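In this text, residue positions in the sequence shown follow my numbering: the first is 1, and each later residue adds one.
One should not assume that every hint holds.
[Stated by the list, open to error] Pair by pair, the computed Cβ-Cβ distance ranges are:
| no. | residue 1 | residue 2 | range |
| --- | --- | --- | --- |
| 1 | G78 | M1 | 40 to 50 Å |
| 2 | E222 | R61 | 39 to 49 Å |
| 3 | M1 | E215 | 22 to 32 Å |
| 4 | A19 | E222 | 21 to 31 Å |
| 5 | A114 | P57 | 14 to 24 Å |
| 6 | T207 | A19 | 19 to 29 Å |
| 7 | D190 | E150 | 13 to 23 Å |
| 8 | E53 | R187 | 36 to 46 Å |
| 9 | G170 | R61 | 43 to 53 Å |
| 10 | Y200 | A114 | 26 to 36 Å |
| 11 | D93 | A191 | 35 to 45 Å |
| 12 | R148 | G170 | 16 to 26 Å |
| 13 | V56 | N21 | 29 to 39 Å |
[Unchecked claim] In silico DSSO-like pairs for lysine-lysine, Cα to Cα no more than 30 Å straight-line:
| no. | residue 1 | residue 2 |
| --- | --- | --- |
| 14 | K3 | K196 |
| 15 | K117 | K182 |
| 16 | K232 | K3 |
| 17 | K3 | K117 |
| 18 | K117 | K232 |
| 19 | K182 | K196 |
Don't read these hints as lab results, they were simulated from the structure.
Keep in mind it's a predicted model, so treat the numbers as computed, not measured.
Yeah, the Cβ is synthetic: ideal placement off N, Cα and C, and Gly gets one too.
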Amino acid sequence: MEKTVVIDCFYEQLGVGYAANHTIVAVDVIRSTTTAVTAVATGRRCFPVPSLEAAVPLAARLDRPLLVGELGGYMPFGFDMNNSPVRLAAFPDTSRPVILLSTSGTKLLHEARAAEKVYVACLRNFSAQVRRICEHHTTVVLMGAGTRGEFREEDELCCAWMAELLIAEGFRPLGATGDVVKRWSGRPVDALLGGKSSRYLQLTDQTDDLDFILEHCDDLNETFVFDDDEVKPAPPLR
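Throw the hints in and build the complete structure from the sequences for me.
What follows is the structure, given as structure tokens:
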């Protein structure tokens, strides 16, 4: 069977738009998939929700959940912390489950649920994610979480790096995937600086999250699936 890879961007008004036989890798580097991966990698349970309305009844069912997230860049009233991998990693009680809400990344995960498999990836585990795909999948969509109608630089970079590795393993790039790969090939991780997402973190005094993302690049040999409305560790890689 031919192996293919495509880079695409999720826009809420368009939905995901791929058949159920596709494997979708959801990417929202700044910050929801970085936060989700960090949560599960540190032993927490993590439940992304598509809306504030979905968070409230879920919080009532879980034991002492941490409400983590943002909408439009602002932490909702009653939440414990912003969508911050740094704050979450520093929180000492890993027994409390995380309910995670973001403007676009958590919506992408829920929109993608009809896919054959949904992975949650970020710069922390992009190489591990490629190895997982090579071992188990043939029809892959690397999907960034669009923000305000734009495919943000950090998500393009992460998707392009994964696609470049997959192409080297025999996956055929579809659509404009090859052009995106060329745009980001060989560039350092700090090439994402200057984009709108990174500028937002700088302007709102959240540079610790930006530093965390830059300093924790490709440091996890784990992959994570979105299954039954929860981000879970995938089985160990061979």
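Between the alpha carbons of K232 and K3, is the straight-line distance 30 Å or under? Roughly 26 Å between the alpha carbons, so the hint for K232 and K3 holds.
Does the alpha-carbon distance linking K117 and K232 stay inside the 30 Å limit? holds (12 Å)
Does the structure keep K3 and K196 at a Cα separation of 30 Å or less? Status violated; Cα separation ~33 Å.
Within 40 to 50 Å: is that where the Cβ-Cβ distance between G78 and M1 falls? holds (48 Å)
State, for the Cβ atoms of E53 and R187, whether the hinted interval 36 to 46 Å holds or is violated. holds (40 Å)
Could you tell me whether the CB distance from E222 to R61 stays inside 39 to 49 Å? violated (27 Å)
For the pair supplied as a hint, K182 and K196, confirm whether the alpha-carbon distance does not exceed 30 Å. holds (21 Å)
Verdict for D190, E150 (Cβ pair) under range 13 to 23 Å: Holds - the Cβ-Cβ distance for D190 and E150, about 20 Å, lies within 13 to 23 Å.
Should the hint that M1 and E215 are 22 to 32 Å apart at their CB atoms be regarded as holding? violated (39 Å)
Can the restraint linking K3 and K117 be considered satisfied, given a maximum Cα separation of 30 Å? Holds, at roughly 16 Å.
Using the Cβ atoms, figure out if A114 sits within 14 to 24 Å of P57. holds (22 Å)
Tell me if the beta carbons of V56 and N21 are separated by a distance inside 29 to 39 Å. holds (35 Å)
When held up to the earlier numbered hints, the structure conflicts with 2, 3, 6, 12 and 14 and fits the remainder.
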